[in-house]
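Following the hints, position chains R and F against chain Y.
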Amino acid sequence: MKLSKIAKILTCCFDKADREISGMNALKDATADEVSFVANAKYVKDIQDTKAAAVIVPESLVGYIPDGCVPLIVKNSYWSMAVLSKYFAPDIEDKKLPNAQIGEGSKISSKAEIANGAKIGKKCIILAHVYIGTNAVIGDNTIIYPSVTVYRDCVIGNDCIIHSNTAIGADGFGFATNSLGEHKKIYQNGNVIIEDDVEIGSNVSIDRAVFGSTLLKKGVRIDNLVQIGHNCIIGEYSVFVSQSGSAGSTKLGRNVVVGGQAAFAGHLEIASFSTFAARSGITHNIKESGKTYGGFPLLEQRQWLKLQAKIARLFKRY
Amino acid sequence: MKLSKIAKILTCCFDKADREISGMNALKDATADEVSFVANAKYVKDIQDTKAAAVIVPESLVGYIPDGCVPLIVKNSYWSMAVLSKYFAPDIEDKKLPNAQIGEGSKISSKAEIANGAKIGKKCIILAHVYIGTNAVIGDNTIIYPSVTVYRDCVIGNDCIIHSNTAIGADGFGFATNSLGEHKKIYQNGNVIIEDDVEIGSNVSIDRAVFGSTLLKKGVRIDNLVQIGHNCIIGEYSVFVSQSGSAGSTKLGRNVVVGGQAAFAGHLEIASFSTFAARSGITHNIKESGKTYGGFPLLEQRQWLKLQAKIARLFKRY
Amino acid sequence: MKLSKIAKILTCCFDKADREISGMNALKDATADEVSFVANAKYVKDIQDTKAAAVIVPESLVGYIPDGCVPLIVKNSYWSMAVLSKYFAPDIEDKKLPNAQIGEGSKISSKAEIANGAKIGKKCIILAHVYIGTNAVIGDNTIIYPSVTVYRDCVIGNDCIIHSNTAIGADGFGFATNSLGEHKKIYQNGNVIIEDDVEIGSNVSIDRAVFGSTLLKKGVRIDNLVQIGHNCIIGEYSVFVSQSGSAGSTKLGRNVVVGGQAAFAGHLEIASFSTFAARSGITHNIKESGKTYGGFPLLEQRQWLKLQAKIARLFKRY
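In order, the protein sequences belong to chains Y, R and F. So for the first sequence, numbering that gives the first Met the number 0 puts the first residue at 0; every next one is plus one. So for the second sequence, numbering that gives the first Met the number 0 puts the first residue at 0; every next one is plus one. So for the third sequence, numbering that gives the first Met the number 0 puts the first residue at 0; every next one is plus one.
So here's chain Y without its partners, still in its complex pose:
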């Protein structure tokens, strides 16, 4: 899409040299043919370093836009980003693509739907009522149980097992809200990448990224009814027990263990080999590796246990 057309969509001034724009991305990740946005003064540093062709920006932050980058000045930049995101959303299915490629030895139920452009590896088993979307890629020896949905463009590795009724690549929970309290959808134009040897339980939701990828690395184990928000990165061999979850953009190191019903806030970084007891509530970064936590607010697990014992004693005294 031409940059001039984008300016028109956003009804903002545009008098620079026109050029072709391939997509949208975060300030840090945007390439020279992408548009980005900034909604908040705390990202000032990222503005200055961005390589984006253009940035959707409120008047108040326009001074930080680097030379050569086109400012697209709007009133509510987050809302404008949401408006624009729809224009970069691909069709849900692309029927014009060639038929799916199925690797040798794979057994695909006649009641599964494999969309055009998808690629299935060798020796896979794909059972009834599975949906594999446009351009999705499934590796070798992967087993997909009934009624799993893999949305378009998602990638699943070799030797994975995905249990029934799990949704991989549904839209992340993203929208802008205006001063009237109305919401505008932010189209989630990224995908999900699942590496090799990952097992995922039933009724799990792993959301596609807004830009880029939600990533589950090699050997991850996900139990039933778990939520993985958009743009999370889950390190190798990490484990999520049932009904736990993570809000968007949180990054876990390797071998992190997340107990049942525990949950992470968004945008955190969690050190490798951290363990979280059942129902932990994690709202800050964990920098030191190898410790065990519990409670909400979060404490080291032994401290949480001590605190609970003290509270119980106090209860007897008063």
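Just so you know, these hints were derived from the structure itself, not from any lab. A couple of the hints might just be wrong.
Straight line, CA to CA, 25 Å or less: simulated DMTMM-like cross-link-like pairs of lysine to aspartate or glutamate [unchecked claim]:
| no. | chain 1 | residue 1 | chain 2 | residue 2 |
| --- | --- | --- | --- | --- |
| 1 | F | K110 | R | E299 |
| 2 | R | K7 | F | D158 |
| 3 | R | K85 | F | D17 |
| 4 | Y | K290 | F | E181 |
| 5 | F | K85 | Y | D66 |
| 6 | F | K106 | R | D90 |
| 7 | F | K309 | R | E299 |
| 8 | R | K183 | F | D139 |
| 9 | F | K122 | F | D139 |
| 10 | F | K74 | F | D45 |
| 11 | F | K184 | Y | D139 |
| 12 | F | K74 | F | D32 |
These figures come from a predicted structure and were not determined experimentally.
Below, chains R and F without anything else, positioned relative to chain Y:
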């Protein structure tokens, strides 16, 4: 069904003028051709005001039944109501109805099932393995992703998006229990109504009403793995973050924000523009609009934060 | 499989009389043609009493193996058990079995998949996009709503209702982890048994047993988005409210009531007629019948309410 037949089903005396009964409803909402019930002395006022043709009632409350309303006197009125509810349950699918109507420009997967009597609007996209039940209605421009189930009689508006593996209109969790601890199903003969511009994530459960409707108003946003109990009313532009939920019959005003894993007890009224932090547990009405809450038991969020800080200090001292 | 072959798979010494082995099982439950394993000194008593043909055992515990039982000595017995479990896993579908048997009066959607070897009782209703696996058995008068998956070998009784997108019999969450932090799947070769008159909501996950059966007894009621771990036993007429769950191997008596978002740790025993308030966290056995609990850590509910009131008062004072 004749009132005399209902009396026979419930094995209770009946010597009044017979009449046709069209259904069952709550005391407050019952019309002059419906049967209602009362199981608890705290609803005495509702009995006196009811317009119901007949009320299933225990001996002890029969004195409150207004003139012209027929008392159906039983031992356990809640159990009897459950028994009767089955007789008003429609068939799960009605094959005798005409084929579904599909609006112009809608794309329906050949692997979706659209039951007889359903109506799909214009320019909808309905993907594989979706089920749209008897008499369900879908508006225009609505997108329904794979393996979504919309049960019979449910209504979805225009411009909605429903993600994979979500169940709309499954039976609410209702049963009577007798003195032996056995349960009797209360058939859920209501429906779900979802207004325009609502987006619902994957693996969400929105239960149909026992009578009347569970209602999601315009612009609501529901994240993954959320529970909405029967007969809830969710106000315009309200937001439920992942793994949160509400028990039955709770009413939210507009722009209520419900954090991850937060939950409402049943039968509450929540003021508009209330915000609930992640894992809030809400067990009482919220009357004042615009405040932020957290914790379980619930406090104002800043109080909860202070309380947690004090507890942490206490822990160091003792 | 011959015992000599098992020794070869596990690369351990074997110089005893060879014999045919039919499967794997826990020490307590293993019969004379099954292999078992022990990973932990706390099971010493169970070793001495086992009837297993052979036991996978670390060097340190080999002295407890009873006469006539073959020790299979390995370095990491839990890992070796995981390795061996794959060899006893049946094919996901067995196409060579005869076509499914469908009882008189049952209505099966042409868009449902009933695998070979399955048996469906009389007067069942099985809607579109349901999957009933190899050798699964469904009783009479049972209703299964769209996109439910019943995995192979699972058994469902008479007069049951199972709502959309529920997964019955997906693999329990089991794996061994080695010193490098890598995981090895423990194949879940048991099943799920659901007795008569059980109703299960939408988006529920009930996992198959690793050995033996996960069991829901007569009259159980399960709300939406509930997790039942492998090898749980849920007593008659017990009730799980939405978003609650249990980790593996926990046994509930009859008429246990589990509030919304409450959860059990694994390997517990819970007395009949216990009630757990919403969001209870249960981590120890409950021996006395008929009490009501709440909180995490768990207290009797009235104590938890008092404690919270005291904490609130304390907050005002300090």
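Verification of the supplied hints:
1. Among the hinted pairs, K110/F with E299/R is inconsistent with the structure: their alpha-carbon atoms are about 51 Å apart, more than 25 Å.
2. Between K7/R and D158/F, the direct Cα distance comes to roughly 24 Å. Compliance with the 25 Å bound is thereby established for this hinted pair.
3. A C-alpha spacing of about 60 Å is found between K85/R and D17/F, which places the hinted pair above 25 Å, so the restraint is violated.
4. A hinted pair counts as satisfied when its Cα atoms are at most 25 Å apart, and K290/Y with E181/F qualifies at roughly 19 Å.
5. For the suggested pair K85/F and D66/Y, the alpha carbons sit about 60 Å apart, so the restraint of at most 25 Å is broken.
6. For the proposed pair K106/F and D90/R, the alpha carbon gap of about 12 Å is at most 25 Å, so the pair holds.
7. Restraint check for K309/F and E299/R: satisfied, since their Cα atoms lie roughly 17 Å apart, inside the 25 Å limit.
8. Of the pairs offered as hints, the one joining K183/R and D139/F holds, with about 18 Å between alpha carbons and a cut-off of 25 Å not exceeded.
9. With a CA separation close to 6 Å, the supplied pair K122/F and D139/F stays within the 25 Å bound.
10. Simply put, K74/F and D45/F have alpha-carbon atoms about 20 Å apart, close enough for the 25 Å limit, and the pair holds.
11. Only pairs whose Cα atoms come within 25 Å are accepted, and K184/F paired with D139/Y is accepted, the gap being roughly 17 Å.
12. Distance hint between K74/F and D32/F is fulfilled; the C-alpha atoms sit about 24 Å from each other, no more than 25 Å.
In summary, the numbered hints that this structure violates are 1, 3 and 5.
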